[in-house]
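Take a look at the letters that make up each chain.
Protein chains: 2
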Amino acid sequence: MSKVGIIGYGITPFTKKDQKIESVLLDSARQLFRNNSQINREDVDAVLVSTNNNSKYLSPILSEMTGIQPKISHSVESLCNSGTNSIVSAYSYIASGLANMVLVTGAERYDSPGQILQWDNSRGEFKHPIFWASIFTKSYKREFSISDEQLAIVSVKNHKQAKENPNALSNKTYTVDDVMNSKKLTEDLRLLDCSRPCTGSASIIMASEEKAKQLTDEPIWITGIGQKTTSAGFTKNTSFSTMESTKLASQTALEMSKKNSKDIDVAEIHDAFSVCEPMALESMGFTAEGKGTDMVNELHSTNNFKINPRGGLIGTGHPLGATGIAQTIEIVQQLQSNAGKRQVDDPNVGLVHNMSAAATSSTVLVLEK
Amino acid sequence: MSKVGIIGYGITPFTKKDQKIESVLLDSARQLFRNNSQINREDVDAVLVSTNNNSKYLSPILSEMTGIQPKISHSVESLCNSGTNSIVSAYSYIASGLANMVLVTGAERYDSPGQILQWDNSRGEFKHPIFWASIFTKSYKREFSISDEQLAIVSVKNHKQAKENPNALSNKTYTVDDVMNSKKLTEDLRLLDCSRPCTGSASIIMASEEKAKQLTDEPIWITGIGQKTTSAGFTKNTSFSTMESTKLASQTALEMSKKNSKDIDVAEIHDAFSVCEPMALESMGFTAEGKGTDMVNELHSTNNFKINPRGGLIGTGHPLGATGIAQTIEIVQQLQSNAGKRQVDDPNVGLVHNMSAAATSSTVLVLEK
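Protein chains in written order, with our numbering: chain A, 1 to 369; chain B, 1 to 369.
Treat the hints with caution; some may be incorrect.
Note that the list lumps identical chains together, so a pair holds whenever it fits in one copy or between two copies.
[As the list claims (entries may be wrong)] Calculated pairs, BS3-like style, for lysine-lysine (alpha carbon to alpha carbon, straight line, at most 30 Å):
#1 K306 to K369
#2 K20 to K236
#3 K184 to K291
#4 K20 to K291
#5 K160 to K258
#6 K3 to K258
#7 K3 to K213
#8 K262 to K17
#9 K184 to K258
#10 K184 to K160
#11 K306 to K172
FYI, nobody ran anything at the bench for these hints, they're computed from the structure.
With the sequences and hints as input, model every part of the structure.
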């Protein structure tokens, strides 16, 4: 199978702006082409749009606005991991030989309809994700004797890291006390434990090995892909304190890339809520079960940006369809030693973890120089 | 590259039923598994949903309802050719080795939000497709001196053929006079010249060569794929009397399958409106420019079901996200000599043409025994 590389990217600031979805999409795609003038629009075979927005035909619209006449064009939706689903689709188009170069653009507005999963009756009256996040938090705290303060460190660390990310929604730092004193949304969840929906867009361009080597000196290769959907309904999860789909997706991705979690130098983790970061770290084997908050605390106290260097979803904001692509861009920047004050020391292997709907589905990607 | 085959299908009647989208989706998938008990749900690696419905996370929902825990799951949207976009995605997942077996389910409700493209300002006050269809019809008639009566034969033929399709929305036959006397919607378009949105669902299961040969005696192979998006806005079309995206997509598909249009024994053509059938036939090289209605008339008068055997969109109805998949199922049935009274004489090579938004994008597939 031909190797597939990421050869360019564009990203917008994440904001609370009220902006038409077409224009949000265009912003990061235009920046991508501005940053990569060596890429000829005529060579782009496919344009995939990742979004939960209800507007239709967005990929042909983006194509027309950017001056591309692709073969393949459509939108991809899978709630919060739409972005990495699009990247995997782009990968398969290239690896199968149907395309040589694919533009993947994710975009969302702050008022995305993807925040609420109407279908999931197991959420009772509470359709909003804070419902499952509260149950995850309660369950995780009980099972591993973890305190609210220990979980608050996830938010403190990720806000601190987001401050070094010029595109992040947040540019404030907080203490554990600040998190503990922020508005209590449920018994187990405070406002600063939550990522916030926002307006933003992220684009990458992917290419076959031949095209990638022609067009850039430092392509980043996608060497591992893992995906798993265990259910759609939240209560079908086998556990509320581990992430089964994440565990299975990471096993597949690491196996494909012939790596294990110890080889990962930098990772983007889907911290939709504080509890998600330690749970995901444990489910992917970065640390033992119940030890995720210890790992987070250790990283925070040594000022090590290894996990969620751009500030995670909590610090950066969460424009659903753009998130997986923005996470991937961060790992590309890290592997290219181009991450400014967020730069991790000389990383060779990076990982992206992107999930949906109470971890009922997950994508894990392994990226290498 | 590994060959990719279609190994099973399920389809619902196309109706005007008011039914939840999740239940519409489930109907054809359930029928697929009922018809193909040799297929183990545990072996299904990916579930793709094709729809314009605004509900989110439909692929994990369908997966949970059918008892599948796939790796890959998401929705695909590209207005009226969402179905074939999903099929091409499934193809690439299998050909790239990321999946061995993929379920592709398309579904729509009669009130699909995909009928109107709000973004396209070039449609003026008339967002509904009858606007572009009227301009296509006027332009085609003027350029090739074609009469309304000649175009009406498309509707007469396709309604006649739909009568042999137990799943079709229409079960009536009409004369040229009936079409001419049906409600005049615009100067150039009558009610019976139009396909009608409806509720319906269609599912296929695709597999790698090895799996396909294991699981069925008569897989149908996808040997040619062509796709092209020329624009999103209707007035960017270079012509209103030929279909540029269809022409380019068919060239790619025929080249990939090492066939030419003379080799095609049976074809499903995207006749959203009467004028689309002759235009598409000409753009794909089935006949010369301006001669499409002669070909339609010849087929009709000899009772030859070669083009749109199931009754086309005009006779069968047009549940947007399901249409491309339903077209593909018809060709599979034809190639397996399993099309009942619609059966074309011993076909070896079939073609599917599925397009969106005034032919601003097209997919063409070539299928073989």
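Is the C-alpha distance from K184 to K160 at most 30 Å within one copy, between copies, in both cases, or in neither?
-> This pair counts as within: shortest intra-copy Cα distance 21 Å, inter-copy 65 Å.
Quick one: K3 to K213, C-alpha cut-off 30 Å, is that within a copy, between copies, both, or neither?
-> Intra 11 Å, inter 28 Å, cutoff 30 Å: intra and inter.
From the Cα coordinates, with 30 Å as the cut-off, is the pair K160 and K258 best called within, between, both, or neither?
-> neither (33 Å within a copy, 59 Å between copies)
Should K184 paired with K258 be assigned to within, between, both, or neither, using CA atoms and 30 Å as the limit?
-> neither (43 Å within a copy, 65 Å between copies)
Are the CA atoms of K306 and K369 at most 30 Å apart within a copy, between copies, both, or neither?
-> Cα proximity of K306 and K369: one copy only (17 Å, versus 53 Å across).
Within, between, both or neither, where K262 and K17 count as close if Cα-Cα is 30 Å or less = neither (40 Å within a copy, 55 Å between copies)
Within, between, both or neither: K20, K236 at alpha-carbon 30 Å | between (36 Å within a copy, 22 Å between copies)
Homomeric proximity label, K184 with K291: Cα distance no greater than 30 Å | For K184 and K291, only the intra-copy Cα distance (25 Å) is at most 30 Å; the inter-copy one is 71 Å.
Status of K172 relative to K306 across identical chains (alpha carbons, at most 30 Å) | within (20 Å within a copy, 67 Å between copies)
Alpha-carbon proximity context of K3 and K258, limit 30 Å = For K3 and K258, the Cα distance is within 30 Å both inside one copy (15 Å) and across copies (27 Å).
Indicate which option fits the pair K20, K291 if close means a Cα-Cα distance not exceeding 30 Å: within, between, both or neither.
-> neither (43 Å within a copy, 44 Å between copies)
Violated hints for the displayed structure, listed by number in ascending order: 4, 5, 8 and 9.
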